[in-house]
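Enquirer: Turn these sequences into a full structure, and let the hints steer you where they fit.
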Amino acid sequence: MVSCFLQDELTNENNGCPNLCRSLANVLCWIQKGWQVLTQFFFPLPCFQMKLDKDKFSVLLDVKHFSPEEIHVKVVGDYIEVHAKHEERPDEHGYISREFHRRYTIPKGVDPAAITSALSPEGVLSITAPTKTPALERSIPITRQEKPAVTGK
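Under my numbering, residue 140 is the last one in the sequence shown; the count climbs by one each step, no gaps.
For the record, the hints were derived by calculation from the structure and aren't laboratory data. Take the hints with a grain of salt, since some may be wrong.
To be verified - Pair ranges (Cβ atoms, derived):
#	residue 1	residue 2	range
1	Leu123	Ala101	18 to 26 Å
2	Ser10	His80	46 to 54 Å
3	Leu11	Asp49	36 to 44 Å
4	Ser45	Leu123	17 to 25 Å
5	Ser107	Arg131	53 to 61 Å
As the list claims (entries may be wrong) - Pairs of lysine-lysine residues, derived as DSSO-like cross-links and limited to a Cα-Cα distance of at most 27 Å, are as follows:
#	residue 1	residue 2
6	Lys38	Lys72
7	Lys95	Lys43
8	Lys51	Lys61
9	Lys95	Lys41
10	Lys119	Lys61
11	Lys72	Lys51
12	Lys61	Lys38
13	Lys95	Lys119
14	Lys43	Lys119
15	Lys51	Lys38
16	Lys95	Lys38
17	Lys43	Lys61
18	Lys95	Lys61
19	Lys41	Lys61
20	Lys119	Lys41
Note that the structure is predicted; figures quoted are calculated from it, not measured. A virtual CB, placed ideally from N, CA and C, is assigned to each residue, including glycine.
Expert: Following this line, the structure appears as structure tokens:
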């Protein structure tokens, strides 16, 4: 369910006009939800999306026109390379062949050996890798020794 900030704000008990504001908030939320549904219908997924956050690096690619055998993902140096190609085949407008190459720089802090890829049933290729966690700060306790560290000659 979509949360609606306006509905929460306008129906707040402290605003002094709960009935009018509640009606207005309901209309605005209905418009907001309708717009989100329309946006998802007409623009279901961007051609690609790349994201780097503190936990992982990810790339999403729409490859619905290719079979798994026609898609190749590999790491070459500091790059992830994606290549997909299919030969000419019929579609609703006649015949089409497709091919694309994409290359992404592997961000600092991402281990190239940890990169994986997966293909969803709807044709979205996910390329992911965890980011390396930086060394955590820790205190080192000081212990007392009985023997002196420096002995005389």
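Enquirer: Please go over all the hints and tell whether each is borne out by the structure.
Expert: Okay, the hints, checked on the actual structure:
Taking the beta carbon of each, Leu123 and Ala101 are about 19 Å apart, inside 18 to 26 Å as hinted. Range check, Ser10 to His80: about 48 Å between beta-carbon atoms, so the 46 to 54 Å window is met. Between Leu11 and Asp49 the Cβ separation comes to about 38 Å, which falls inside the hinted range of 36 to 44 Å. One distance hint, 17 to 25 Å for the beta-carbon pair Ser45 and Leu123, holds here, with the actual separation near 24 Å.
Between Ser107 and Arg131 the Cβ separation comes to about 60 Å, which falls inside the hinted range of 53 to 61 Å. Distance restraint check for Lys38 and Lys72: the Cα-Cα separation of roughly 25 Å lies within the 27 Å cut-off, and the hinted pair is therefore satisfied. Restraint check for Lys95 and Lys43: the C-alpha separation of about 12 Å stays at or below 27 Å, so the hint holds. The hinted pair formed by Lys51 and Lys61 meets the criterion: a straight-line CA distance of about 19 Å does not exceed 27 Å.
At roughly 12 Å between alpha-carbon atoms, Lys95 and Lys41 fall within 27 Å of each other, so this suggested pair holds. Taking the CA atoms of Lys119 and Lys61, the gap is about 20 Å. The hint holds against a cut of 27 Å. Using a Cα cut-off of 27 Å, the hinted pair Lys72 and Lys51 holds, with the two alpha carbons roughly 12 Å apart. Distance check on the hinted pair: Lys61 and Lys38 sit about 18 Å apart at the alpha-carbon level, within 27 Å; holds.
Straight-line distance between C-alpha atoms of Lys95 and Lys119 comes to about 9 Å, which keeps the hinted pair within the 27 Å bound. For the proposed pair Lys43 and Lys119, the alpha carbon gap of about 9 Å is at most 27 Å, so the pair holds. Under the criterion of a C-alpha separation no larger than 27 Å, the hint pairing Lys51 with Lys38 is consistent with the structure, at around 20 Å. Between the alpha carbons of Lys95 and Lys38 the distance comes to roughly 13 Å, so the proposed pair stays at or under 27 Å and holds.
Among the hinted pairs, Lys43 with Lys61 is consistent with the structure: their alpha-carbon atoms are about 18 Å apart, no more than 27 Å. Among the hinted pairs, Lys95 with Lys61 is consistent with the structure: their alpha-carbon atoms are about 18 Å apart, no more than 27 Å. This hinted pair checks out: Lys41 and Lys61 have alpha carbons roughly 23 Å apart, not beyond 27 Å. Between Lys119 and Lys41 the CA atoms are separated by roughly 9 Å; this keeps the pair inside 27 Å, and the hint holds.
Consistency note: the structure conflicts with none of the earlier hints.
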